[in-house]
Amino acid sequence: MSRHPVPDLLPGTLDLLILRTLQTGALHGWAISERIQQISEDVLQINQGSLYPALHRLEHQGWIAAEWAVSELGRRAKYYQLTASGRRQLAVEAREWERMSAAIGRVMKFA
Amino acid sequence: MNLRDLRLRTRALFAPRRAERELDEELAFHLEREARRLIDQGLSPADARARALARFGPVPLAADECRDARGTALVDTTIRDVLYALRGFMRAPLVALTIVSTVALGLGLVAVAFTILNMILFRVDQVPDVHEMFAVERVRTATGERAAFTRAQFDALRRGTSVFTDAYAEVSGMDTRVDGRIVGGSFVTATFFQVVGVNAARGRPLTSEDEEPGGGHAAIVLSHRGWDRLFARDPAVLGRTLLVNGVTLTVVGVMPEGFRGLAVVPPDYWASLSLLPRVYPFHGDGDGDVGLRVVGRLRPGLSQETALAGLGVWETGRTTDEKLERGTSSLTLLPWRGTVPQRREAVLVVAPLFFAFGLILLIGCANVANLLLARAVVRQREIGIRLSLGASRRRIVRQLLTESLLLALVAAAAGFAISRVVLEATINAVLTSIPPDIGDIVLVVPDADWRVLLFLLAGAFVSTAFFGLVPALQATRIEPLRTMRGEVAGDARPSRARNLLIAVQVSASALLLISAAVFLRSAMTATAANPGMRTADTLAVEIANEAVRTSVLQVLAAETSVAAVAASWPASFGPVRAAFAETAGAKAAVGYKFVSPEYFGVLDVGVVRGRTFTPAETTSTLSVAVVSETTARTLWPNAEAVGQIVRLEPDPESGTGADEPPLGSRTFTVVGVVRDVAGFRIAPLDPAVVYVPASATMPKASLTVRVHGDPDLAGRTLRDRLTIADREMVQVLGLSWVTRMETYFLLLAFWFTVALGGLALALTLSGLFGVLSYLVEQRTREIGVRMALGATARDVTRLVLSQSIGPVGFGLVIGGGSAAALATVLLATPAAAGIGQFVHVLDPVAYAASLFVILAACLAAASIPATRQD
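In order, the protein sequence lines correspond to chains A and B.
So the first sequence is numbered by the working numbering: it starts at 6 and just counts up by one.
So the second sequence is numbered by the working numbering: it starts at 13 and just counts up by one.
Simulated from the structure, these hints should not be mistaken for laboratory data.
C-beta: ideal position from N, C-alpha, C; glycine also.
A few of these clues could be false.
[As the list claims (entries may be wrong)] Derived coverage of chain A by chain B (criterion: at least 3 residues anywhere in the stretch with Cβ under 8 Å from a Cβ of chain B; other residues may be distant):
id : stretch
1  : 21 to 29
2  : 42 to 55
3  : 58 to 71
4  : 98 to 110
[To be verified] A few chain B positions that, by computed beta-carbon distances, are all more than 10 Å from chain A:
id : residue
5  : R29
6  : E38
7  : R410
8  : R432
9  : V567
Use the sequences and the hints to build the structure in full.
This is the structure:
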């Protein structure tokens, strides 16, 4: 395992970020990483090498579905979008995240 | 796993190239898009591309992780393992070949035994709800014998009880003649096909209309086997006729393949029970009553105990039928599924086969294990390297398991082929070598089904896994560094394991070869045994039907090949009628026999003193008798027997019933003394005999015929002639038949064990040879040092030989000891006690000879590598 780069994000948060990014519509892999970076104002730098395995894993879990479509470059790209079960999963994970960050925030403030 | 996941996995599995292409395209797009962004920021295309790649990280790694997400890794690694194993086999093809062929050979033989066991025990008939089928058996409480049912009792049982939804009765295993071939028939009540619930594949089954013999030919239904044997699967078989024992029968149906009529071996045809008296006029006790087996389908939900209780209630409620022998017998229910109901006996019959074949498998596996022990060093090094390269132990074990499984699959397939060849060849050999006088036996090659295949696969896997995986598993429990240098783990004791394996092999070969020698010696003495009567050119003719006696005698008188005809009761080789003989001074148990005057001449029973019967002396009322030497010695130990008076009283305990010929007088004058007749070893005769006169016309008398020329040919001619006189097969048997049969079965046992023993010895020798060659090779340096220090070639040979003598000698002792122990145990069981009469199980010559052969062969095999030390 030591050969793999240590992820900058908390474990499990990459899935949540991908699902949340796709909530507004279908995107291809590069656009997902760009969107996350832009919105987080360059705080969250997605390790691009681990983005695609995560996308494939989510696809196998049935939370996102892939489709080939013509991209802005005029060539074929793989677009991902949320499925119904992906939406439910996003709701669950978002709630869990709220709870978690609130808890961490309290600890940071009062401990 | 959800549906989408399944779809993706399936696609990845079956269209791997497309999945790969799409993955490449997706990653390439990402890099191009990133580069475009950088170009838009003002970088040169080459710089942009390098930056994009650097930001992405190693592309193949990401691709690999994407592939992992697909979940096809299991299949991928399995394919890799298989390829790796195949490469290994290619590298050492001899090892793989040896393992496969030895395991396949042993396994094939064991599968033969299992195929037979499967046929008689597990292969239930293809009948709907076969578990509901039960045979009703009546056991006499006094003797434990099974008693058959009569038709009237069957009808009463069917009407009077409600434990069965319905029942049928049958007389099965009836041999009938069709165009000179023996064809097996089963005679059943009309309810048979309804009760079993199987419909005809062609035409129709028998119905109640076939029970009443009306106009036209009676109907029969063929089994699939009968259709094949008699009509070569002619599709237009319906309506064709068959001449069965001289009665014309019309084929109305053919049953489906796989339906055996709840028998182990299916009959060739089924016919109505009402036909039996026509096809078999003299079967049964005269008034048309025959012994029936009653089989019924239990009412659904009824347990066997409840049904049995119901039958008991029915039986005690019956008062009128005296033939049911109330109070002296009890009813039992036997599961009736087309297998042998006596499971324990069946297993006992097949057990020796399993044992003998299992020994071959054991020897073969010992060879394989020896081979693998010798290769363990090579293997350990290989595994050590893989372990130090970071392979997990689980991964390596899986690889080894794949290897074993591959070998097992090939071994199972080869074993199956071997088992079929052995079965076909053995049955063919028995059918062609059996003496014709023993008669047409119907032997079928048992089919193999999924159980046999499963058994083979499991057996192959267990053998290869046990002998291949266990040494390999031990190899993974090692320190990589040391094994890479070729140092075998210190606690392994390969030499001790090797010696033990050699000892096991030698003892198994000894056991088999001793059996072979015992059978051969017994067969030799059986051929040499003199029964005390002429057997070379004499035939026994048995007349079952008194109505044709005169015409049979006429045929015999007219036949030119017949030299002389004698008559006797009981038959010439049959046991004498027990009686008490009384004289003025003595009383003794003897046997008496009715013989015609020609008897002594035809059977060459020599006269010692006095005379035999004159041609006029043909009835026991004349009060003359001839006695055997033993009788003379017992009754008149100090006096001349000729001229003495003897009083005969038949032993009332051993009567054969009302049909035996009556003794015309009680007191007899002895006119001559003849030699004793010892009889055959499988049917010895009481030597104390009193012969009383009779003629060939006496009812029940059996005939013995002396013929000119070849007795087999004469027997065939007579059989043909007599079939014209009486279609109910007057039986003709050569008297040499009895000797030949005895010898034949001993020789059959001999060939069987000698083939197995030879195989065992060959495997053992090859194993011994291989191990010694390996050891000599391993110790080349040591031997060189010894020779440089002055050891002669003889010393070295002795050194190497002494290493193998120990385990071989140990194996011989164990093998001989276990053979003797097995023989003693066998003789102690009541069922096999009679075998001791004509098989000398403890014959010292047989033991010594086979042990010597093994010792000599082992020394020869060992001396080749031992002397090769240059």
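Evaluated hints:
1. 21 to 29: Answer violated; 0 residues pass the 8 Å Cβ test.
2. 42 to 55: Since 4 is at least three, the answer is holds.
3. 58 to 71: holds (count 8)
4. 98 to 110: violated (count 0)
5. R29: Nearest chain A Cβ is 16 Å from B:R29, so the label holds.
6. E38: It is violated; B:E38 is separated from chain A by about 5 Å at its closest Cβ, not greater than 10 Å.
7. R410: holds (21 Å)
8. R432: For B:R432, whose nearest Cβ neighbour in chain A is about 47 Å away, the distance exceeds 10 Å, so it holds.
9. V567: Answer for B:V567: holds, closest chain A Cβ roughly 90 Å.
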